[in-house]
Amino acid sequence: MSGNEAVARGAWEAGVTVASSYPGTPATEILEAFAGYPGVYAEWAPNEKVAFEVAMGASLAGARSLVSMKHVGLNVAADPLMTSSYIGVRGGFVIVVSDDVGMSSSQNGQDTRYFARFAKVPLLEPSDSHEAKAFVGEALRLSEEMDTPVIMRLTTRISHVRALVSLGERATPPFLGFSKEPTKYVILPAHARKKHPKVLQRIKDLGRLADASPLNVTEWGDREIGIIASGPAYAYAREAFPDASFLKLGFSFPLAEGRIREFASKVKRLWIVEELEGLVEADVLAMGIRVDSVGKLPRIGELTPQRVRAALDGVGESAPESASPPNMELMPFPRPPTLCAGCPHMGVFYTLGKMRDLVITGDIGCYTLGVGSPWNATHTCVCMGASLGNALGIDKAYRLAGKEQKVVAMIGDSTFLHSGMTGLLDIVYNGGNVTVFILDNRTVGMTGGQEHPGTGVTLQEEKTKAVDFVALCKALGVEHVQVVDPYKLPEVYRAVKEALAYQGPSVIITDRPCVLIEEFHRTQPYLVMDELCNGCGACLKMGCPAIQVIRREVVRLPNGRDKELSHVTIDPAGCNGCELCVQICGPKAIVPVGSTSRAVAPSGPQS
Amino acid sequence: MTGNREKREGTDPLAARTLNVLLAGIGGQGVLTASQLLAEAGVRAGYDVKKSEVHGMAQRGGVVTSHVRIGRRVYSPIISSGEVDLLVAFEEAEALRWRSEVRSGGILMVNCLQVAPPVVNLGLFKYPDDPLANLRAFDGSFIPVEASALAVQAGSPRLAGTILMGAASAVLPLAVDDWEAAIRARFTKAEVADLNLKAFHQGRECALSSAIRQSGNQAIGR
Numbered sequence: 052m053s054g055n056e057a058v059a060r061g062a063w064e065a066g067v068t069v070a071s072s073y074p075g076t077p078a079t080e081i082l083e084a085f086a087g088y089p090g091v092y093a094e095w096a097p098n099e100k101v102a103f104e105v106a107m108g109a110s111l112a113g114a115r116s117l118v119s120m121k122h123v124g125l126n127v128a129a130d131p132l133m134t135s136s137y138i139g140v141r142g143g144f145v146i147v148v149s150d151d152v153g154m155s156s157s158q159n160g161q162d163t164r165y166f167a168r169f170a171k172v173p174l175l176e177p178s179d180s181h182e183a184k185a186f187v188g189e190a191l192r193l194s195e196e197m198d199t200p201v202i203m204r205l206t207t208r209i210s211h212v213r214a215l216v217s218l219g220e221r222a223t224p225p226f227l228g229f230s231k232e233p234t235k236y237v238i239l240p241a242h243a244r245k246k247h248p249k250v251l252q253r254i255k256d257l258g259r260l261a262d263a264s265p266l267n268v269t270e271w272g273d274r275e276i277g278i279i280a281s282g283p284a285y286a287y288a289r290e291a292f293p294d295a296s297f298l299k300l301g302f303s304f305p306l307a308e309g310r311i312r313e314f315a316s317k318v319k320r321l322w323i324v325e326e327l328e329g330l331v332e333a334d335v336l337a338m339g340i341r342v343d344s345v346g347k348l349p350r351i352g353e354l355t356p357q358r359v360r361a362a363l364d365g366v367g368e369s370a371p372e373s374a375s376p377p378n379m380e381l382m383p384f385p386r387p388p389t390l391c392a393g394c395p396h397m398g399v400f401y402t403l404g405k406m407r408d409l410v411i412t413g414d415i416g417c418y419t420l421g422v423g424s425p426w427n428a429t430h431t432c433v434c435m436g437a438s439l440g441n442a443l444g445i446d447k448a449y450r451l452a453g454k455e456q457k458v459v460a461m462i463g464d465s466t467f468l469h470s471g472m473t474g475l476l477d478i479v480y481n482g483g484n485v486t487v488f489i490l491d492n493r494t495v496g497m498t499g500g501q502e503h504p505g506t507g508v509t510l511q512e513e514k515t516k517a518v519d520f521v522a523l524c525k526a527l528g529v530e531h532v533q534v535v536d537p538y539k540l541p542e543v544y545r546a547v548k549e550a551l552a553y554q555g556p557s558v559i560i561t562d563r564p565c566v567l568i569e570e571f572h573r574t575q576p577y578l579v580m581d582e583l584c585n586g587c588g589a590c591l592k593m594g595c596p597a598i599q600v601i602r603r604e605v606v607r608l609p610n611g612r613d614k615e616l617s618h619v620t621i622d623p624a625g626c627n628g629c630e631l632c633v634q635i636c637g638p639k640a641i642v643p644v645g646s647t648s649r650a651v652a653p654s655g656p657q658s
Numbered sequence: 028m029t030g031n032r033e034k035r036e037g038t039d040p041l042a043a044r045t046l047n048v049l050l051a052g053i054g055g056q057g058v059l060t061a062s063q064l065l066a067e068a069g070v071r072a073g074y075d076v077k078k079s080e081v082h083g084m085a086q087r088g089g090v091v092t093s094h095v096r097i098g099r100r101v102y103s104p105i106i107s108s109g110e111v112d113l114l115v116a117f118e119e120a121e122a123l124r125w126r127s128e129v130r131s132g133g134i135l136m137v138n139c140l141q142v143a144p145p146v147v148n149l150g151l152f153k154y155p156d157d158p159l160a161n162l163r164a165f166d167g168s169f170i171p172v173e174a175s176a177l178a179v180q181a182g183s184p185r186l187a188g189t190i191l192m193g194a195a196s197a198v199l200p201l202a203v204d205d206w207e208a209a210i211r212a213r214f215t216k217a218e219v220a221d222l223n224l225k226a227f228h229q230g231r232e233c234a235l236s237s238a239i240r241q242s243g244n245q246a247i248g249r
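Residue numbers (this note's numbering), protein chains in the order written: chain H, 52 to 658; chain X, 28 to 249.
In isolation and in its complexed conformation, chain H is listed as follows (with noise of 0.2 Å):
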């Protein structure tokens, strides 16, 4: 199974009942695992920082509970996260937060592990799926021992790897119900001064815990070289060099202090593999040990046995600073993520795109993918629901200038239930001339359709409520509210028009379900026939990759300038019937299949 997979079982055989994340690569699959399982309780809470309030909340109560997120998630979670350090545990308490160090859908490549030094609370690593599922029980034991939260860090390699894994049965620790202890829960100033040296004993009790940890294991080779690592990187200098002797740290924070002493003393030569910062080996060095590692190792994305063996053997060159580096001369063309065909989002880029005095704050989501060609409308992107703030601060810059600029956000439904209401919320208190554009495609469609509180279903396929986005705009203070057809290309063009004359905050909500969504109904799909094309490649501006160009051409224009046309097929089995291209064809080349007997048969691209 996948340590994901692998995460949400070891979670259930220690007897979690309650789970609550927010979906993000790569730890989206640890809910949507565990909520298969029976006797629990799973669900997708609006943001992070509310889920981790969730599960705390569920561990106040006496049972064990979980709490999965991205590692940027973690930041939203943040505030609860510093001071349940300070409260402590009732049931076990598992914070699970998988890094995307390589950053394939992220937007930092931060590193985890210094939430555990900042919030003074365990953390522990696995380094595969098997570790993965049997280190769920360890934090939850040590967290009910130690009445602290515990950070169990995986990255990528552990959540997206499938290895194998052996099960258990489930345990039913006892249920203890909430105590009302005001000096432990209710953390005024007063008993937050009382507990800040409770926490400093705690981090000192927790590393002999850890020295005396099974798992931290010592794995005695050729002890001239002693290798410290944690995580996916042991897996990959176990590999790089198979003779080394090691130090497996899995309870790596605090560390180890006086295994790390005793494995330094007998070997010759110590080396310290971790991915992203070096932060074991600032700490082994402050010890006083000398670490013969100290700036060989890559800072920057996914080790390798490879990068690690060519970083340490002093064979190889200094390790180059971007992972794998690409031979530009093989690489053909960069292929980066695109739209579906059919998308909702296209004719809403379509359209902003042409209008070219805008600014457009965006978000994070499949829109991302806006800034690209041929759309290039998007212009900014931060975080989790800042297009709004940003959008604000640029609309109120702009006029304290004393000059004239359209500012437009763009955010999508679940992000904006996440993070996007507050920055709504501060366009309409403070007075912005801020279009913002909702784009209801009803689910998280980057992630791969997660449920959230505008679909109406839960994780756990249960009917309920789903957010009125309209009404809850308007509850908000936003008068000037329209909602639009994405697919309607003069509705859409109409409905930017009208808010953008409009003196005050507007929101536009689109209203068409992501294309893979079971929502969605595919509905008959078009062709293009190619006696009617004029090769105007105006559809191709539409960014659909179901439309391909078959053929091109070079024609001397009667102004005696040359001219290349496109002539285009679309792929049959790729369209899903927008009809956004049908709207922008001029010479209305592009028709129901079926209305025609002749069809085009797409064949292999030209250039």
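There is no bait here: all hints are sound.
Estimated spans, in silico, between C-beta atoms of each pair:
| id | chain 1 | residue 1 | chain 2 | residue 2 | range |
| --- | --- | --- | --- | --- | --- |
| 1 | X | 109 | H | 272 | 24 to 30 Å |
| 2 | X | 180 | H | 635 | 31 to 37 Å |
| 3 | X | 232 | H | 570 | 39 to 45 Å |
| 4 | X | 236 | H | 573 | 33 to 39 Å |
| 5 | H | 536 | X | 236 | 51 to 57 Å |
| 6 | H | 158 | X | 215 | 35 to 41 Å |
Computed cross-link-like contacts, DSS-like style, restricted to lysine-lysine with a CA-CA straight-line distance of at most 25 Å:
| id | chain 1 | residue 1 | chain 2 | residue 2 |
| --- | --- | --- | --- | --- |
| 7 | H | 245 | H | 171 |
| 8 | H | 539 | H | 405 |
| 9 | H | 231 | H | 246 |
| 10 | H | 592 | H | 405 |
| 11 | H | 614 | X | 153 |
| 12 | H | 592 | X | 153 |
Treat the hints as calculated values from the structure; they're not laboratory data. By construction, the Cβ of each residue, glycine as well, lies at the ideal position given by its N, Cα and C atoms.
Use these hints to put chain X onto chain H, whose structure you have.
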């Protein structure tokens, strides 16, 4: 971890080394499903298997890769650059993109299919003129497979991945019954399983009848 280890004892081709297979294609082509079949066949053959995937943003019509490593004891879930034994490319330009990952003497298997992304259709980039001709110069075995064409004939373009795994089975040291069991485990509906089993054998025949088969077998057994 049960399976066919007993019958392989003594002649285990992976006794001392780990098999590295890289699958590369485009989001939506079924790369992850195909790699799941390979991983499952490896598990059924009694090996330790690690399989690495890319999810999320990269999946949306972008490049998708999956690393599958099979052996007695596998540590790293990803294959180091230049150590791929078999590359299965689901598209011709992707074969060009990833072939430098293949070790000298390794096998490059490619689905004869060209898919131009929007950046090429828009004229921002050019699709290579004849990737297959270029790939033939590869230092190792080159096995083109008409997987997508066969899949369309068989009734669904989605079968291409299974056809490619059938072709891969001709050069990998895993028994056919382990592959078949893997296919039945992945496709629980009987008619879907049957379609895929047929597709698997079609792909296998394709590669077996390929003139390059001999060198291919050598390459993996080394």
